[in-house]
Amino acid sequence: MSEQTFPDDCTKYLQLHAKHARLKERLDTLRERIVPELREGKRSPAALPYRLILQKRLRTLADWKSALKDQLREWLTADQVEVRMVGIQFAFPQQETEALVVEINKAYASRKL
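Under this note's numbering, read the sequence shown as residues 578 to 690, first letter to last.
Keep in mind that a hint or two might mislead.
Stated by the list, open to error - For each label pair, taking beta carbons as the anchor points, the in silico distance ranges come out as:
id: 1; residue 1: ILE611; residue 2: ALA684; range: 15 to 21 Å
id: 2; residue 1: GLU602; residue 2: TYR627; range: 20 to 26 Å
id: 3; residue 1: GLU675; residue 2: GLN648; range: 28 to 34 Å
id: 4; residue 1: LEU604; residue 2: GLN666; range: 29 to 35 Å
id: 5; residue 1: THR654; residue 2: ALA598; range: 46 to 52 Å
id: 6; residue 1: ASP605; residue 2: THR582; range: 32 to 38 Å
id: 7; residue 1: LEU600; residue 2: GLN666; range: 48 to 54 Å
id: 8; residue 1: VAL678; residue 2: ASP656; range: 16 to 22 Å
Said to hold, decoys possible - As a list, the in silico BS3-like pairs of lysine-lysine whose alpha-carbon atoms are at most 25 Å apart:
id: 9; residue 1: LYS633; residue 2: LYS589
id: 10; residue 1: LYS619; residue 2: LYS596
id: 11; residue 1: LYS601; residue 2: LYS619
id: 12; residue 1: LYS619; residue 2: LYS683
id: 13; residue 1: LYS601; residue 2: LYS633
id: 14; residue 1: LYS601; residue 2: LYS589
The hints are simulated quantities; they were obtained by calculation from the structure and are not laboratory data. Note that beta-carbon positions come from the ideal geometry of N, C-alpha and C, so glycine has one too.
Take the sequences, apply the hints, and build the full model.
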């Protein structure tokens, strides 16, 4: 059975991958148009089942924590690792980023049909 599903799975994956590439370009274009409007205070239309929200997030510019923690655990106790990580993390810069988030529009969902 798995011999038959593997080629089917590969075919389906490649089809979805090609579709994703086409959709990603369109999503990026729409995002470039939507984000500035949300920054200016516009809200996602209330007549839609989902709404778009611009959410601010802080993220560290380098993903180094898990690798460093693993290495420190070889030499230090768990408490020492945590103390050391707090001090090191403070030295790394953070950047505020924006994420376009899709949420359920509760007002739309609660309306009577």
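Worksheet item: Which hints, by number, does the structure contradict?
Response: When the structure is compared with the hints, numbers 7, 8, 9 and 10 turn out to be violated.
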